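If you want the building blocks of each chain, they are given just below.
2 protein chains.
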Amino acid sequence: MFENKQNRTELSSIGEFGLIEHIKQSVKLSQPGSLKGIGDDAAVIDNGPGRTVLTTDMLVEGVHFDLTYTPLKHLGYKAVVVNLSDLCAMNAQPRQILCAMALSNRFSLEAVEELMSGMLLACERYGVDLVGGDTCASGQGLTISVTAIGHAQEQDLVYRSGAQVNDLICVTGDIGAAYMGLQLLNREKKIFLENPGVQPELQGYDYLLERQLKPEARLDIIQRFKTWYVKPSSMIDLSDGLASDVIHLCKNSNTGCQLYEEKLPLDHLTVQLGPELGLDPTVAALNGGEDYELLFTLPLSEYEKIKDRAEVSVIGHMTDAASGYRFIDRQQNVHELKALGWDAFKS
Amino acid sequence: MFENKQNRTELSSIGEFGLIEHIKQSVKLSQPGSLKGIGDDAAVIDNGPGRTVLTTDMLVEGVHFDLTYTPLKHLGYKAVVVNLSDLCAMNAQPRQILCAMALSNRFSLEAVEELMSGMLLACERYGVDLVGGDTCASGQGLTISVTAIGHAQEQDLVYRSGAQVNDLICVTGDIGAAYMGLQLLNREKKIFLENPGVQPELQGYDYLLERQLKPEARLDIIQRFKTWYVKPSSMIDLSDGLASDVIHLCKNSNTGCQLYEEKLPLDHLTVQLGPELGLDPTVAALNGGEDYELLFTLPLSEYEKIKDRAEVSVIGHMTDAASGYRFIDRQQNVHELKALGWDAFKS
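Residue numbers (the working numbering), protein chains in the order written: chain C, 6 to 352; chain G, 6 to 352.
Note that these hints are calculated values from the structure, not bench results. Everything numeric in this text was worked out from a predicted model, so none of it was measured. Heads up, none of these hints are tricks.
The list that follows gives simulated cross-link-like pairs (lysine to any residue, SDA-like), each with its CA atoms no further than 25 Å apart:
(1) G:K256 - C:T140
(2) G:K33 - C:N259
(3) G:K219 - C:T140
(4) C:K343 - G:I19
(5) G:K312 - G:R335
(6) G:K343 - C:Q30
(7) C:K231 - G:D51
(8) C:K256 - G:H27
(9) C:K219 - C:E206
(10) C:K343 - C:V319
(11) C:K343 - G:G23
(12) C:K256 - G:S17
(13) C:K236 - G:D51
(14) G:K78 - G:R192
The following block holds chain C by itself, in its conformation from the complex (with noise of 0.2 Å):
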């Protein structure tokens, strides 16, 4: 897409430093702990007492996007946001990120002012200062591995070991959306390429395209959590999958679970597109992945203080580890829930 862009200016033309300069003229700091952004050896930041917070993942092309179908803005705004979605997860405030990326010569500066335009959006929207970073050339490909600080009172982190038997298990949003997104663009795709003369069939589509394309982090909801004096007794956010994601939080607390089916918060066009695809909505839900919604449990004695939050679904509860993990469908029958979320290296 990118490639037919009128203005091409290669990178090779104005190099490594070239490169630098001109993303550093883009970038604004706007955090007061940021002290020293892009232009030195490493940043400096100060983000005062309590503790730092620290995340990186790496977005790789041909594993984690498609370039066909993904815009390079929503690429740059979704490997900011997954990141930030960590820091959500462990209840800190973001305050900055490094981007290292390297680049094909496949890609022109305009595809590089694609890519952090949607990183430098994603750094608006949530309050983040770009601090540093670096780039490089890839033989191959894109690659994208952000590093996300955030900061958090010791009192307010929330790890995922902290649960309780008899906790609730509550989940953010909806889920199965991101995957539901992912098969309707790998369709279109596949159609694509057999008939290129054929349109995509997207319209009425644009929330599960948009879970997919461009997530949110929760950042809404933690900022609830205090004023609603709610803190979780622990938490992970959704990246692999319902079912993978719980059963971390239960091996890091030394619980077991029980979830229900009934319970799953699932949007009317992730249960509407299911048969289309040929794909159970509760799979998706179950084992998709790439939500970002937030997972979380509170003891029973909260469950006042969120019963009525639209944000806040309660799917189930954790029960001793004996137990297992257990997923109670909608005909009552019990079955055993598997880790089939998304890994890397068995897709």
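Model the placement of chain G on the given structure of chain C, informed by the hints.
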């Protein structure tokens, strides 16, 4: 090389979580500030009052390294060291790293173990903790992205921008050797490819090979600065080549510079191998890069403190910006210094 190992465990057989678990078990935390390492959505650190210093560097197979002659253990070591070197160049103490890597199915668990053993050796050598990261698949080749976290008091930080006219320009160790080592490895690779029966002639050049394959960050120097009561006015690490890097200091400090060929610290092996490879050692020193020595400036008044230090060579001085970037050769001819250093998109 690693394909020859007797045991080969496919990464696909253990999956991403299996790999993370495997890595986690080989990682110990030693820094008091490393509160939460691998195993949650993010790492948690508390490095106490002062400034947090952050840098990231990405190494891409085929661009930054060639696995036909780079042992994976050395590569892991180098991937960490090049980041720690950036922290040293800020006069900051390295504390933690995060490491993301994308691996094609060419890499086995044993290969990842080799790579990790090099990373962990560097961590041990420099007193740094591996607190997090990401592992994922790649369609082709190996990409490693390390983020390093350091700590400094505000008054100890040294930027690229603090040099003044007449400041001495100093460099640690010797320069050009890493590039000579690279040329030597490339020569032997070429011979090997043309004539696989010929054994590589690398005897006696250990130092040059080590400079290329297993560089060190000059953490020792920034520790000595304290005992010498020295604080550089500006500093950068030599990654792109002396010419390119001194110009970075000049541009950031709004100065010119004058360097003297006769003052450049060259190892005798660099000088010796030059004619054999048809390569001027001075050119290797100016434009070769990857020395990971520290280039810094000091007020003239500090000269007494460093003049007898074996680790430090004074190679020139800063001038006013209008004088440009000058290089005086052994015949006292004046040349304009040009940044011909390694440039990712031009190589």
